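Given only the sequences and the hints, what does the whole structure look like? Please build it.
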Amino acid sequence: MTESKAAPSNGSILVVGGGISGLTTALEAAEVGYEVFIVEKNPYLGGRVAQLNKYFPKLCPPSCGLEINFRRIKDNPKIKVLTLAEVDKVEGAPGSYNVTVKLNPRYVNENCTCCGDCEAACETEISSDFDFGMKKIKGAYLPFEMAFPARYVISPQIIGTEDAERCKSACQYDAVDLDMAEKTMDLSVGAIVWATGWEPYDASKIDNLGFGQYPNIITNMMMERLASPNGPTKGKITRPSDGKEPESIAFVQCAGSRDENYLPYCSYICCMASLKQTTYIREQYPDSKVYIFYIDVRAPGQRYEKFYQKIKEDENVSLIKGKVAEVAEDPETGNITVTAENAVTGEKVRQTVEMVVLATGMQPTTAAAKPPADLKYNEDGFIINDFEKGGMFAAGCANKPADVVSSNQNATGMALKAIQTLVKR
Amino acid sequence: MDKKYGVYICTGCGIGDALNIKALCEVPEEEGLPVQTHPFLCGKDGVELIKKDIADKGINTMVIAACSRRVNFDIFKFDGCIVDRVNLREQVVWSHPRSEFPALTEDQIDDGVHFDRLQMLAEDYLKMGMAKVEKIKLPEPYQVETFSNKILVIGGGITGISAALDAAKAGYNVTIVEKEASLGGYAAKVRKQLPDQDPYDTLALPAVESKIREIESYDNITVRTGTLVARLAGEPGNFTVTLKKPGEKIEFDVPYPLPEEMKFDENGKELDVEAQHKRFLEYNKGKVDILKFDPSGEKFGAVVLAAGWRPYKPKDDEFSHLGYGELPDVVTNHQFEEMAAKGKIITSDGREAKSVVFIQSPGKGEDDADFNYCGSVTSMVALKQAKYVREDYTDGKAYIFYQHMRTPGLLENFYKSIQQDEGIFLTKGEVIGVSKNGSGMIVEADNTLLGEKMKVKADMVVLATGMVPVTVDDPVVNMAYRQGPAFRDIGLFEGYCDSNYICFPYETQRTGIYAAGAVRRSMTMEESVEDATGAALKAIQCIESVNRGVSVHPRSGDMTYPDFFFQRCTQCKRCTEECPFGALDDDEKGTPKPNPARCRRCGTCMGACPERIIGFADYNIDSVGSMVKAINVPSEDDYEEPPMRIIGFVCENDAYPAIDIAGLNRLSYSADVRFIPVRCLGSMNVIWIKDALAQGMDGAFLLGCKYGDDYQCHFIKGSELADIRMKKIGDALSSLALEDERVAQFEVAIDEYDKLPKMINDFVENVEELGPNPFKGF
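As given, the protein sequences belong to chains A and B, one line each in that order.
Residue numbers for the first sequence follow our numbering, beginning at 1 and rising by one.
Residue numbers for the second sequence follow our numbering, beginning at 426 and rising by one.
No lab work stands behind these hints: they were computed from the structure.
What you are looking at is a predicted structure, and each value in this text was computed from that prediction instead of being measured.
Think of the CB as a built atom: it goes at the ideal place given N, C-alpha and C, for glycine as much as any other residue.
Be aware that a few hints might be false.
In silico contact screen, one side only, chain B against chain A (beta carbon under 8 Å); selected entries [as the list claims (entries may be wrong)]:
| hint | residue |
| --- | --- |
| 1 | Gly596 |
| 2 | Ala794 |
| 3 | His829 |
| 4 | Met830 |
| 5 | Arg831 |
| 6 | Tyr931 |
| 7 | Glu955 |
| 8 | Asp956 |
| 9 | His1139 |
Okay, structure coming up:
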């Protein structure tokens, strides 16, 4: 069978992070014929894209590509997936690394059939991180419907409570194991690809934009969840304060990005994301008005430019070149007044809307949490690739801000860089 | 292989509670097949039970009736065995609660009136699984006749060089083909490169020279300058490539399709097929047919297409409002770069160009778009070239008028460093005109950041025109494929040799040929270098997959391939024409020649074939047809008011998972529908629908991906082709005196599981309104 003609070289590759970049690197390397380990800190694969409603510019669901990738994993015995796992220690040199991986307890073992009995039995509700706290889920939960691996998780928040026992006794298959403890395992690999991804920039740090202060100001990632069929509102976009269907929405571009006080760089995706989210709103509410406050609309290249031009044709969409300086809430209505200086006319523009979306940017996960490995970082925390040295590489948004297409291109290339390290050995 | 059957029914996850398992077991028992049940089949004991049967009884063909095949994939995998998974959980009991689909009471059993819809559903699915495993075989890998693992890189610019180096470093032999006399491409013609390392704020010296030197240190890289690809024939792992000198005319030049205008006679009437073919032969006189392989051609396994771009050529008067074509010192960014690379920037009459205006957007009317074929690269090139002005003249001034300054990601640092330069003025603005002013020019702009109107004196004006991919002008790869020498349908991407996939950016419509760099998208050199690495990986992966005899994306690892029963081929050419990947080349009679290594295993050929002679080891006309026939169609002989029977062919990539998720969410829908998963709707052969209707089923529908410009079909054209076939099926239906409405196709995205129940139920209702199929019971 396939094993009879092995890859041209021996050795394994460790991919840290099971988001779209990590999945891509892992699959592309494994399909050449190499053994690959994916270490993912969440209980599921898919990372940020699993939280998205649609991709720009095609407006197709990310779960479609994820499903294909999951199937590729299922069909490929060369890939080993470790979820709830984190890299604890990396020793060695290019071609030969010893990695210690910490495995956090899931409290659910391989007996799980996804029947959902534990979820039904559990009474405690916890806040869903996947939905940025906009939804309550049970303490025993399936991360999302298409989750891979398709296996329940018991939140550590209910461990030690009666609820945990209830979950355990509800399970007919002996899948709930409340004694599960943290474990470590060692891996010997020849190359490591860090695909540790990004975090949405914490919008509450931006003092003038009112996030956390006014409920009707949300972030773009929250908007993705609101618009998702499996999100807190089952895809219906409503404003948080009172569940009203918003008739007017403002997008505040560069919320944090391109700003020396917060993120000095451009986060690459937020312009296209807001244009995309404009289509969500305009589709649901034909009479709604959308105002986009921007510095530059970064929609480069034929395909993105075309998308932008199409959005611009909509007469209910206004694009205003100007950076938003302040926001204020009318406490009675919950409406928000956005103030910006129109950079072209010089006038102060005030626009009152029912809901505001902050186009917050991306911050590398490694800005706050540096992996325990000998890596170089730039000032903003992105990993700098050292191809001369080899052995360890950053892929996707661990390396720079990028959209999904560029991340996948980059991640495919990093699979080859990893393979080169194995070949050299 | 001598099949030894075993049927295993899991009764866990609610299956045993909802169904009459004893009655279900009778289905295989009646056929003489051994059946076992287990309350937890995917658990250790359950799997042991199956393994024991394999070891003790030699069972090698099993039907596992339990959960969806999307889960427990690793658990129910047994080497050397044929396995079919019958989805009793997600698509039967979870989506059809007993509260809505009640079981029969004692009195109702066999009363000729009542029936148990849910039990019927489960029994049908089990029968379908049994019918399927009887008709399928274990696949054996396809091996190409002669195998080459050499990589051909087309284009010796910075992208091609990088791809070659990256493949060579992984141990592969590479040949770079470059049409010019030397390597380097555009990268060798610039003064400086954009910032290429952190903190991305200073220009870099051209890197291509050192890369060319690096190539010399690799003896597994061959460089062929002054060379073009005349034709590329065969299939991945076994391409036969004819190379030639530019301008040469040789018999192995690939035949080109007849230009559109030559397909019509002098009166504008379209010529018939034969006359067109005659003209085609005349048009390609001196060239041999694609099926004749060049005996002295070179063998390659895969191709990286890095042919790059050419500067945009403005049409006459296209930018006359900007003085282009009239004023000699209005130039494009490409012309400006050429001059800057040679030396100081001077005007056409030799004056020092100390004031240069860069225009980023042609700005006619309300339009704030950049020039055609632009991208962030043209924004950044303007910043770079503004810097040249400052390098050449300490008192030089550069003005950049843009609509949107596009310096995404970390390149924002470069933009900021330029903003620090007091000799460079950046402003949003719409340039309304460029006019002559003495020996210089005046550039007028409106809606600028500095006030309403603005006038700037300029010695030179630079237009940020775009990078046109060379595939706009020329097929370049010159594939000796019956579907033509060029990539198909790239008009959708303005001629860029791009894929339509966000998730899978390297997957094009031609297996084994991977595009990289500016031929794909306007890119900077730094981005192109990165893109080249990915394309090199894909080329290597394709070679290794062919070597193992398995498919590449999206059915990666699939060992099956289409098998043809040629004796019955009627040379209708449909398979050759419809294959989304151009995998088939027919001969002069029209008999298709399969090239399995070009194939992605979607089965579109199988769906297209009216003679039904194409099939895969584990997926063929007979296997699916037998599943259709296995469905029990109750008639009035059985019940007073028999239930409807409707068949749904569902795309296994998106629709099938969506149905599963509907089940996981316990969304319910009609129990009178039977689903059959298909590899792609393109593989749906209308015979299955005709058979179903002839068998008395009341309706049939297809459930597949969205099509159109933003198609979601992983096989590009599958759902679109199915739609065409379904439209044609209407005629066949009317000849049977059946209503068109009995057959339909629905587009569904994978995340639209919540819409599925209504979609299905509405269709069932419509069919119910039409009444039962008159053929029922015959």
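Consistency of the hints with the structure:
1. For Gly596 of chain B, the suggested interface contact is upheld, since its CB lies about 5 Å from the closest CB of chain A, less than 8 Å.
2. Satisfaction of the interface hint for Ala794 of chain B is found here, the shortest Cβ-Cβ separation to chain A being roughly 6 Å, below the 8 Å cut-off.
3. Nearest Cβ of chain A to the Cβ of His829 of chain B: about 4 Å, under the 8 Å cut. The hint holds.
4. Because the closest C-beta pair between Met830 of chain B and chain A is about 5 Å apart, less than 8 Å, the hint holds.
5. About 5 Å separates the beta-carbon of Arg831 of chain B from the nearest beta-carbon of chain A, less than 8 Å, and the hint is met.
6. A cut of 8 Å between beta carbons decides the hint on Tyr931 of chain B: the least distance to chain A is about 6 Å, and the hint holds.
7. Look at Glu955 of chain B: its Cβ gets to within about 6 Å of chain A, closer than 8 Å, so that hint holds up.
8. Nearest Cβ of chain A to the Cβ of Asp956 of chain B: about 5 Å, under the 8 Å cut. The hint holds.
9. Restraint check, His1139 of chain B versus chain A: the minimum CB separation of about 6 Å is within 8 Å; hint holds.
Every hint from the earlier list agrees with this structure, and none is contradicted.
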